[in-house]
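**Student:** Taking the hints into account, I'd like the entire structure generated from these sequences.
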Amino acid sequence: MSGPALEARGLSIGYRRRGKDDIVLGRALELELWRGQLVGLLGPNGVGKSTLLRTLAGMRPTLAGRVSIGGRDIAALKPWQRARHLSLVLTDPPKPALLNGYALVCLGRQPHTDWLGRLTERDHATVAWALEAVDARDLAVQPVAELSDGQRQKLMIARALAQEAEVMLLDEPTAFLDLPRRMETMRLLQRLARSADRAILVSTHDLELALRACDRLWLMSEAGIAMGAPEDLALDGRLGATFQADGIRFDHRSGGFAPRPTKGKPARLRGQGKEAHWMRKALERAGYAPVEEPAAIEIGHDGEAGWQLRVNGSQSRHRTIQAVLDALACPRD
Amino acid sequence: MADAPFPHRSSQAFIRNPYSGLSIHIATSLRLIWLAILVVALAGAFAVQAADANLTDGCVSDYSADVDYFPDKLKALHAVNFSVEYANHYKVLRVANAYDGAPDYEYVLVQCGAPMPPAEDFDPDAQFIQTPAGPVIALSTTQLPALAQLDLLENLVAVHSGLYISADEVRQGIADGAIAELGFGANINIELALELEPDLAVAYGINPDTDAHPLLREAGVFTALDASWRENSPLGRAEWLKFIALFYNQEARANQVFDGIAEEYAALQTMAADIAEADKPAVLLNSYLSYADAWFIPGGDTYVGQLIRDAGGDPLLSTPDSSASQSLSFETVYEAGLDAKIWLLETYAVNSLADLAALDARFSDFAAFQAGAVWNNNLDENPNGGNNYYEWGAANPQLALADLLAIFHPALMPGHEFAFYRQLPQA
Amino acid sequence: MREQAGARPWILLALPVLLAALLALSLALGSVAIPLDQIAGALFAGGADSQAWTNIVLKFRLPKALTAALAGMALGAAGLLMQTWFRNPLAEPFVLGLSAGASLGVALVLLTAGGGGALVANLGLSGDLLLTVAAGLGSAGAMLVVLAVAARLRNSVSLLILGLMFGYMIAAIVSLLLYFALPARIQAYINWTFGSFSGLSAAQLPILALFVGAGLALAASLTKPLNALLLGEELALSLGVDLGRARFAIILATALLVSAVTAFCGPIAFLGIAVPHLARGLLGSADHRLLLPATCLTGACVALCAALVAELPGNNLALPLNVVTALLGAPVVILVVLRQARGQA
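Chains as they are written, first to last, in our numbering: chain Z, 1047 to 1379; chain V, 453 to 879; chain F, 11 to 355.
These are calculated hints, taken from the structure and not from any lab test. Backbone N, C-alpha and C define an ideal beta-carbon position, used for all residues, glycine too. Be careful, since some hints might not be right.
[Said to hold, decoys possible] The calculated label-pair distances, taken between Cβ atoms and stated as ranges, are:
| # | chain 1 | residue 1 | chain 2 | residue 2 | range |
| --- | --- | --- | --- | --- | --- |
| 1 | F | A182 | V | A539 | 48 to 56 Å |
| 2 | Z | E1076 | F | G254 | 26 to 34 Å |
| 3 | Z | D1243 | F | G254 | 32 to 40 Å |
| 4 | Z | E1076 | F | I183 | 54 to 62 Å |
| 5 | Z | E1167 | F | S231 | 20 to 28 Å |
| 6 | V | N641 | Z | P1107 | 52 to 60 Å |
| 7 | F | L68 | V | L529 | 47 to 55 Å |
| 8 | F | L35 | Z | T1097 | 53 to 61 Å |
| 9 | F | A182 | V | L529 | 44 to 52 Å |
| 10 | F | I171 | Z | D1068 | 26 to 34 Å |
**Tutor:** See the structure below:
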């Protein structure tokens, strides 16, 4: 591996407007994508993530600087040459009628086939491998139009894999998926980056998932793009700064965003584990400040017996978190 | 199709019209005015007796319920779509079948100077007008020959458009600004129409939603519907000059003009009546309209069907007693018409056999084509393509009949000068 | 797995058989009853017993059947190109304003008093050939406008809207011409809008065949980008499709197919929109390598059926072609819309 699969030097992105100033969404960007890595592109809405992806894909002209792929300027490549090095997955997987999963993945072979798009045995083998790689063999025989969003997105990723391009760009591929499907997709991308030796850039809104799955993050803000391992970005506060907004804070422990704590009544939460985790969330939501030192309110969980609540010395037991919150709201004297 | 009610069909042959010419009108009208004054004076002096002629100008000054103010009466002999009923001082004109699904229209024409008859005696939708009327809007070109024949053109204040009118006096009147152009159908310029202060408008109906007549009525203009184009009989269509005459108390004149036409027509018909069936040539009609995928053959009782039969011809493939046109496939007409002796066209812009062959090469297979016996009815066209066959010809079926007789049986009509039909030259 | 479930590639073998049968039927049936042996005689033995019969078979039925087959192929293929390109099931060949352009050309010839008609008549043309040239020039003009705009507008939806607006503008001009025109010429124009397969002479047929052949060849070379376009323009681009070139080729192919048919047969409605749906339903696959030939064959069959129905065999009457294609085509479109609505529910 001699160099990055895709790099951008002195890149400015944005829109040209006739007779007016350009709208610049990012300038003098220096970016590198390496094989074997999953990179997450994060940033607030409207900051230009899609524009960056499309510029890197050679679908939009750059305002300045250049993007090169395998050392060659992407603007100089013809579409079919570009397609051999770079594949793309979009947010909303298309829903073509009368096409089964297999035929859809076969479209990924177009950059490699003749003018009629005839498939060789090698093409078929690659398609089968791609379906296997995303664990979607069962979808091959099904009509695409009848599949769920998640299943179709899986096939679109398989199609991008079948394209055998070293760079894969995905524009918010999980936006329309439910949580388990989102996690599954990010894990899949993480796996593919390593096993298929791809350079994968995925833009997402899902910070928690990105933190867990991505090898590197690109944090895009109006100030520019901050790059690094997710953990470093979290520790040095840049992650929090990128997404700062009123009433929201970055929770270093959970790796997610939470409502900024209000000055609530302190409540001591005893115990560890998942029960304590969820009770903490519930208390924060209800306007209490979970603390570890003794306080007028004390809450603990003792296994089978459920929740134990002590308010100013009077004690009660509750089976559910809701019951604890209800008791706190209307304390019995 | 030829029977379509469009306003712009007509005649330039006002030149041939013995009653026309603006100077003649004026002189005649002056004479008529003096005559009318005399009549009124006499009527006033003696104050009782029945008038001896209809008042074609001015009003009754001394009305008497016992006087028959319309000693000259007329009656529709061939036309079936209008009828008139006379009372002493008014006449009731009824028009039927003015368009598909039309109600019967009733018009009450009251002698000027006489009292209005009570409205409850008539159809609630009836319109009232005093006769003799003055300024008129004529929205169909077929009404222009009648106005000329009755010497009433000076009353014409507006037409729909001068584009397709053949009558020279009318074209001149439009050029001089004496006659206004109001526009077609529901696009009629009502404000201009009202400014002309017409006594009546004569309109035609196709579909009340797109016609001018509902708008004119709504604007308060007395509007009569002309259903002449719905007459199948050639003489019936010409007889609608009587319809115009009623509004001007010109019954005597109308009878005289129409009887002349009918006599000429009958004379020609008699010439053809003796021709043996075997000597009647098979006449192929119209042509294949490739984009309509049809060849329209008029029935034997249609306007053109009657003309052909009256001229001693045998309209090919035509259903004998039908007053409708049939759309036939080219194949059918091809098989039946290959040997037809004569071919009559009503086709715009076909002026030679070469033009006809350019429409469809298969036309040149017909025997009539090969013999050069193809005739088109567009001899007398104005510069915009308005065809006088549909204007002057509609009012003078004897001219079209004479043309056809000369085509079918040239020996009967030596030296005939054609009015509307043109034999197509090679190129 | 490679074979698509529900796909019926064998339909590509069945359709030619059906087409041959319909062609034979078109030669055998007509308003004039001709015995089968006489038809065979006219076709193969140098003539039937009657010259009229020979001419009817050779000058009427054969050119008409071939015209119908060619027009059906062309309109079906053009409809498929448009539906795939716009990714809209209701797109049809006429959305680019080609037929509007053709109608303007014809209206100028038929409706202006001495104007356009005289101009072209000076070229020594007249009759139906004049209409053909006028319609061809009109749709070629429309095509140039669309191509010029397509080079500026990257967005196919903008182009769709533009084509529609273009059509409305031209319709307004034609209405204006109609308003001032002579009734006989209005009738001639209205007749043109009815469409017909029967106006072509044996000499004109090869011209139509040439245009349709060129358009179909171009369309056949586009099957690969068309398949990619099923995923939308962006993904097609990422799959290596040169969008600019594909757009140009699709418009050019559509223009060749539609202009030639409209020039010779008038604006034939509904075949373009209904035939691709019918072909997809029969074939059960959206793969253009199969779908394009299936659409051509289906189009030819449907057009022949429409021509047969319009002729009402055994009867003297003939119905306007567009009445029949609309009556056959509209239910197909309705079915598609209902199916889609059900799919979304």
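**Student:** Hint by hint, note whether the structure agrees.
**Tutor:** Tested hints:
Separation of A182(F) from A539(V) is about 52 Å and conforms to the stated range, judged on CB atoms against 48 to 56 Å. Between E1076(Z) and G254(F) the beta carbon distance is about 31 Å. The supplied range of 26 to 34 Å therefore holds. The hint said 32 to 40 Å for the Cβ distance between D1243(Z) and G254(F), and at roughly 33 Å that hint holds. The supplied range of 54 to 62 Å is met by E1076(Z) and I183(F), whose beta-carbon atoms lie about 57 Å from each other.
Checked against the hint of 20 to 28 Å, the pair E1167(Z) and S231(F) passes, with Cβ atoms roughly 25 Å apart. The beta-carbon spacing between N641(V) and P1107(Z), approximately 57 Å, falls within the hinted interval of 52 to 60 Å. In this structure, L68(F) and L529(V) meet the distance hint of 47 to 55 Å, their C-beta atoms being roughly 53 Å apart. Taken as a hint, the range 53 to 61 Å holds for the pair L35(F) and T1097(Z), whose Cβ atoms sit roughly 59 Å apart.
The beta-carbon spacing between A182(F) and L529(V), approximately 48 Å, falls within the hinted interval of 44 to 52 Å. A C-beta distance of roughly 27 Å is found between I171(F) and D1068(Z), which places it inside the suggested range of 26 to 34 Å.
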